[in-house]
Amino acid sequence: YGTCSAKLPAIKKEFVWLKEVDSIAIQSSVRNLADAYTRFFKKQNSAPRFKSKKNNIQSYTTKQTNENIAVVGN
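Residue numbers for the sequence shown follow my numbering, beginning at 131 and rising by one.
Since the hints were made in silico from the structure, they are not lab data.
Where hints are given, some of them may not hold.
[Claimed, not checked] Have a look at the derived ranges for each label pair, beta carbon to beta carbon: (1) S153 x K173: 19 to 27 Å; (2) K173 x V146: 33 to 41 Å; (3) I141 x A177: 18 to 26 Å; (4) A177 x V146: 26 to 34 Å; (5) K181 x C134: 15 to 23 Å; (6) V146 x S176: 30 to 38 Å; (7) V201 x D165: 20 to 28 Å; (8) V151 x K183: 18 to 26 Å; (9) A200 x S176: 31 to 39 Å; (10) Q174 x K149: 31 to 39 Å; (11) K181 x L148: 17 to 25 Å.
By construction, the Cβ of each residue, glycine as well, lies at the ideal position given by its N, Cα and C atoms.
Start from the sequences, fold in the hints, and give me the full structure.
Printed below as a string of structure tokens:
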């Protein structure tokens, strides 16, 4: 995780659209991916897979601080 998260600022400069996304959400997905591969190489889980395009369930992970997040609409 440490190596990948250290490269995030350079990746954000290369891919400008990543600046539109919450930085904590990006760090969380990198952390989840690192955890998935760690578990895979320890033979605890199967290999990580991409989310299916057929399944329309979307998710978002971030940290809530001082109740500063609100869900509006659908």
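Hints, verified against the model:
1. The hinted window of 19 to 27 Å between S153 and K173 is violated, with their beta carbons roughly 33 Å apart.
2. A hinted range of 33 to 41 Å holds for the C-beta pair K173 and V146, which are about 39 Å apart.
3. Taken as a hint, the range 18 to 26 Å holds for the pair I141 and A177, whose Cβ atoms sit roughly 23 Å apart.
4. Restraint check, A177 to V146: a C-beta distance of roughly 31 Å satisfies the suggested window 26 to 34 Å.
5. Taking 15 to 23 Å as the suggested C-beta distance range, the pair K181 and C134 conforms, at roughly 19 Å.
6. The given range of 30 to 38 Å is respected by V146 and S176, whose C-beta atoms sit roughly 35 Å from each other.
7. Judged by the Cβ atoms, the range 20 to 28 Å given for V201 and D165 holds: they are separated by roughly 26 Å.
8. At about 20 Å, the beta-carbon gap between V151 and K183 stays in the expected band of 18 to 26 Å.
9. For A200 and S176, the hinted distance range of 31 to 39 Å is satisfied, since their beta carbons lie about 37 Å from each other.
10. For the pair Q174 and K149, the beta carbons lie near 35 Å from each other, so the given range of 31 to 39 Å is met.
11. Between K181 and L148 the CB atoms are about 18 Å apart, so this pair conforms to the stated range of 17 to 25 Å.
The structure does not agree with numbered hint 1 stated previously, though it agrees with all others.
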